[in-house]
Structures are given as C-alpha cells and as structure tokens.
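Protein chains: 2
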Amino acid sequence: MGVTAARGFRASGVTAGIKASGTPDLALVVNDGPGYAAAGVFTSNRIKAAPVVWSEQVLKGGRLAAVVLNSGGANACTGHEGFQDTHATAERVGAALDVSAAEVAVCSTGLIGVRLPMDILLPGVEQAAKALAADGGEAAAIAIKTTDTVHKTAQVTSPAGWTVGGMAKGAGMLAPGLATMLVVVTTDAAAGAAQLDAALRGATRTTFDRVDSDGCMSTNDTVLLLASGASAVTPDGAEFAEAVRAVCADLARQLIGDAEGASKDIRIEVTGAATEDEAVDVARTIARNNLLKCAIHGEDPNWGRVLAAIGTTSAAFEPDALDVAINGVWVCRGGSVGDDRDLVDMSGREVVVTADLHAGDAAATVWTNDLTADYVHENSAYST
Amino acid sequence: MGVTAARGFRASGVTAGIKASGTPDLALVVNDGPGYAAAGVFTSNRIKAAPVVWSEQVLKGGRLAAVVLNSGGANACTGHEGFQDTHATAERVGAALDVSAAEVAVCSTGLIGVRLPMDILLPGVEQAAKALAADGGEAAAIAIKTTDTVHKTAQVTSPAGWTVGGMAKGAGMLAPGLATMLVVVTTDAAAGAAQLDAALRGATRTTFDRVDSDGCMSTNDTVLLLASGASAVTPDGAEFAEAVRAVCADLARQLIGDAEGASKDIRIEVTGAATEDEAVDVARTIARNNLLKCAIHGEDPNWGRVLAAIGTTSAAFEPDALDVAINGVWVCRGGSVGDDRDLVDMSGREVVVTADLHAGDAAATVWTNDLTADYVHENSAYST
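First to last, the sequence lines map onto chains V and Y.
Read in order, the letters of the first sequence correspond to residues 1 to 384 in the working numbering.
Read in order, the letters of the second sequence correspond to residues 1001 to 1384 in the working numbering.
No wet-lab data here; the hints were simulated from the structure.
Do not take every clue at face value.
[Claimed, not checked] Label-pair ranges, simulated between beta-carbon atoms:
| no. | chain 1 | residue 1 | chain 2 | residue 2 | range |
| --- | --- | --- | --- | --- | --- |
| 1 | V | Pro117 | Y | His1358 | 26 to 34 Å |
| 2 | V | Glu350 | Y | Ser1263 | 30 to 38 Å |
| 3 | V | Gly22 | Y | Ser1314 | 25 to 33 Å |
| 4 | V | Gly22 | Y | Leu1343 | 29 to 37 Å |
| 5 | V | His80 | Y | Ser1044 | 40 to 48 Å |
| 6 | Y | Ala1316 | V | Met118 | 30 to 38 Å |
| 7 | Y | Phe1083 | V | Trp330 | 21 to 29 Å |
These numbers were taken from a predicted model, which means no experiment stands behind them.
Glycine included, each C-beta is placed from N, C-alpha and C at the ideal position.
Kindly generate the complete structure, drawing on both the sequences and the hints.
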C-alpha cells in the first residue's frame, strides 16, 4: 500500500502525542536499498519552513535513506531554533536507523509559527523506528493527515516488474507552486537521481502544480521520490515518467476530492490558448475567482463570472470570440449569451468549466473546489 | 446631498420596474451648467460591459450633460444588441433633456449576460426626467443600489465657495482596476476637463483602486466626475484634487463597510517597501488570501497566513526581517514568533494588519473584508 507498495521500503505511523487530538501524528519511511537515489520538489513560497530548508539541502546529494514526517505543527516561521529542531529530528532518525542524518528528509505540517514539542517528537521517532513494517504504508499515510478526512495512497505496477507507489496529505492551503501537501513517492525501479528528478519535475508540473483549491500557497509543500532499486529492473524512461505522473495525478485528484469544506470538485479546462503558459494562467485565474466558486457551490451556471475572470488576464484572446461551457453546455458563445443555461446539470460533485479562447492550439487543466460556508468555518476556527 | 450637493445639478431616482424586487432601479443626474467639463475612469477588465464601452467613447469629448444609471442588469456580455440598448438609452435621455446623446454617460449594474428590459427601462427614463430635483441626490443614490444595504454619499465644501459631492454603489465583485461600483462625483467648481481628469485619476489611484473586497474585478466599474462651474470659482489645483480624493476615499471606505456578507473591515498597511508598487502588490496579495480572511473572521490573529501570503510575492524583503502587527500588537518579529498573540483584540469591526518589509521607505494601504459564510451564501444564490 502506498509507500510500501514498492519493494525495498518499510514504513510506520504512530501516535507520538504532538497533536492534542490523540490521533497518529508521526510517520517514518525507510529505504532499505540496495539503491538510495532520490529527488524532491518543494514550495516556491519564499517563506520556507525549516524542514523545507533542511530537506532541500539534503536532496542536493541526490540520496535519501529515510523520510520522517510529522503532523501537528508546520515548524514554519520558527527562526533558528526551529531549524535546530528539524536538524535534531533528522539526527535522531539517523541514530535510530544507523544512517547519516544528511540522508534523512524531514517534512512537517500543521500550524505556522509554533515550535514543535521536541520532548514528545523525539521519543516518537524511536517509537516509529520500532514500528517499521513492510506493510506500514497505510499507517504512515494515516499519520500525516491534518484536516484530511481520508488518507491518500496510489500505486502503479509495470508489467516490466517495478512499482511506483505514494502517499499524500493536504486538505487546505492548496495552491500552485505545489498544493499544500506532503507527498512521498517510492519505487523499486533501478533509477538514478537524475532520472528521478526529471520524472518528478515533469509529473508535478502538470499534477500538483495544477491543483489550486483556495489560491493559498503553503510554506511546507514537499514532494519526494525515492528509489530502492529492489526490483533490479532498469525502467524504460518514458514508461517510468508516465507511472510517476499517474501516481501524482491520482494523489492530486484525491487532494481536491478531500479539500476543506468543499462540496464540488471543479475541473477548469482552457483550450484554444496561444501558449500553454497562457492557458495555465487563464485556468488558474478562473480557479481563483471567489464569486465563481460561490456560484458553483450554488449550482448556478453563472458564466458571466467566468468571463469577468478571463478579462483580468493578459492572455491572447478577443472578448467577442470567447466560448464557455459548463458541464458540456455552451452557455456562452462569442462572448455573449449561448445555449440555455437551464440545460446545465450541476448536481454532481464534479463540475467541468471549459473556456475556449480561440487564440491558438494550447490547452491546460487546473483543478479547484467550490467556496463554501464549511470552508469559512474550518478556516476561521483553525488555530484557536 | 451627494451628487446634488454642488450647485448646478439635479438628480432623481425612480422605480422603473427593471428589478423584480420593486425597489428603485433607475437614476438620472443632470448637469445644468454653465460648464459641462467631465472626466471618467473605467474598469481595466478586458471584458467591458456595453455601457462602459459607450461611456468611455462619450468621455473622449471631455463633456457630459447627464448620466443615466440603472441597477437590475449589467448589460455585460450581451453582444451588439446590448450596445444598441445602451445607445438607445442615451438617445432617450438626450431627447427627454434636449441634449445630445453623445454627452450622456450610461452606467449599468446587476447580472452579467442578460439583456436589459428596454420596454421597461425607456419609459423609466421619461419618469426619471420628470422627477429631477435639486435635492434628488439621495433618491439617485438609493436607485443604484444592488446588494448594497445602505446608499452611499459624501461631500466636501471648500471655504473658497465650491463643493465636491458624490454617490457610489457596490457591495460585491470589489477589486482593483476599480472596485465594482458605479460612482458619480459632481462639483460646482469652475474646472476644465484636463483638471478634472488629473484630479480623478489621482484620487482613484489611492482610493477605489485600493479597495479589494473579494479579488473579483467587474466588467462595469465606472467613476465619473462632472463640473457645472455654477460656483463661478476657479479652484486651487491642490485643494481641489484633495477634495476629490477625500470624497472618493469616503465613498471607498463606505463600500468596504457594506461589502457583501462581511463582518470585518480590514486595513492592510505595508511599510518599509522598496517601492510603492511593491507595497501595493504585497498589500493586495495579503488582502486576497482566503485563509487569512477566514482567520480574521474568526478573530484569530493568525500571522503565519500573512507571512505565507507575503512569501508568494516578488517584492524585495528578507524572510527573517519581516515584522507583522495585528491591531498594533507585533505578533511576528523577524519572521518568527513575536509578542503574545493573546494580547490582540479583534472584537471590533475594523482590523488593521501591518507588515513592515524593512526593505525601503515606501508604503501603501489596501482595504479588504473578511470571508464569511454570509458572503458564500449571497454569492451562491445571486442569479438564481
């Protein structure tokens, strides 16, 4: 399951006591080799949490022996002391597993601006090391949840004999430059660090980077890919990249499906753009329009709000050439009233908004959620 | 009151029947001269409503005899027919007042993508022309309301003998490049079109352009300034510009105070920026962060969300030099935990978030609102 679907990995998830709720809050993923190549992608937020700064540094070596992840605290905006806490965590993992701390990535998620309770966390590391198991992937996925209502895992197995599997957490502060989330993907394919890096960057660019639940970018986003080489099979490059992409896409879709307070998963498809960058920009601008997100929550095919959003971008298009469909009904044609809006059925959880710019051949898809009273409720009461 | 505070103007507000609610929905403002100089500022949205396209063209002449405004329909995304509707409205006003349609500005507000009921609107113009009165400013301000709970007027009188007065509507889709709104400002000062244009652009740049209730830019934003010259006093340039700014600032503050579903008015002050543009960019980015807006709704001084927002900008700053205060308590110092968050009192309607970037001497203020379940409710049920 998840990070232990591929051979050569053990994992665990335990209740260290970091969270007041008493639910599992510490996960460990260990690569037993024989290979240790790894790659990582991190938040593009300039305010980076201590574990992100640490793990970025560790990944420069292209090797990971283990990943330790905690929920219950983001260890962001915690100054020099916060960085020392991350370092101490990696050291404790290294000691427990007899590996170098310089090959241990650290991930944290939770409230910003609060120090982690190290007197609780460090004993938790010992506990997690003792609980490591070849079928521990599910326990690990459970231990990294914050406001997630379900844990998220995915996997793909190649007929060639290797597997890619992963786990993710994230339910709020989901926006590009990686949705707010922690993701660990493992594989038993025999792949080097450069191949992993290329596959991971290619995959995140069109999956996690195109999930934008609430426009808010986190300080802690981390996606890691570890290869044990335990299958002893060197994968075909394209097939491997596609498997990593598929696992990332599956996990990204699960993140949207479990976003805080959401009642709709919205697929924004922009076609006919002059360039892919412009397609992404337009799709993201639509995805961030609060008025449209409210309208979709109310199952109101208010295409005027789609046009008002598109009009704020600098993408190439002519206003009187824009077509917009909601769930397949072209309610706006040529920038004006199109087919009967009463034909639109928005009763399902998934809603598709399609905008054709008629300015070229490029296209992109961004996923978002509706804006609901439950979102407001969850996020107005989070830290108190 | 409002647009009739200055001499030389008459106004009216009537119930034409455009709105199903049966509340006033058509306003007329007439300049009786002797001067007719005017200026206008319009939405920067590339999707412009028909009345915006019309009025921009009219204002090129620098003269206005009258302004007709309707609520109950935005006449946006209504194609060539929608533009003909606007033209016909201006013609009917021209005929009723014996002025050229080419000196009649038209403003519309309401749902996008729906044609106006011209069979109701045009007789309404006749009715409004008959109701014109020297004290009609309040009736006009009432007739342009959509989801506004109160009508908005402001005025400033100079010891030199001239007055600037205005009215505004707008309660949702409030964002820069003008908050979604219609604003008419009048003056009896003897000012030419160039002076009006300079004063109006200077005023909107730091008032309406820095109101960002929900990040959503409208297709219909219009701010007009008309001068009758009826005081026969040529104003001091700086004093006049300040009076126009003060009226715009007063109206902008009223818009924020009446924003859809809001329970807090949030003043985002960014100081220590390298440039004013960067200060505005950082302030606007903070103002658009849904998670922070939810936190403030919950009276939670969650400064981590302020830092996470700042970190997504490209403004000059060092992460470990950022200070953030909420209602005067510096809860974040040096990018990390500052003073005790329990000292922050957020019980009032107005909340001040101050971010000092320590990167220069520039500053800017942007106003926004909290994000509430009522906002979601109003905007998920708007067009249905």
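Hint by hint, here is what the structure shows:
Range check, Pro117 (chain V) to His1358 (chain Y): Cβ separation about 31 Å, and the 26 to 34 Å hint holds. Taken as a hint, the range 30 to 38 Å holds for the pair Glu350 (chain V) and Ser1263 (chain Y), whose Cβ atoms sit roughly 32 Å apart. A hinted range of 25 to 33 Å is violated for the C-beta pair Gly22 (chain V) and Ser1314 (chain Y), which are about 42 Å apart. Restraint check, Gly22 (chain V) to Leu1343 (chain Y): a C-beta distance of roughly 30 Å satisfies the suggested window 29 to 37 Å.
Distance hint check: the CB atoms of His80 (chain V) and Ser1044 (chain Y) are about 44 Å apart, consistent with the given range 40 to 48 Å. At roughly 34 Å, the beta carbons of Ala1316 (chain Y) and Met118 (chain V) sit within the given window of 30 to 38 Å. Taken as a hint, the range 21 to 29 Å holds for the pair Phe1083 (chain Y) and Trp330 (chain V), whose Cβ atoms sit roughly 22 Å apart.
The structure fails to meet hint 3 from the earlier list, while all remaining hints are met.
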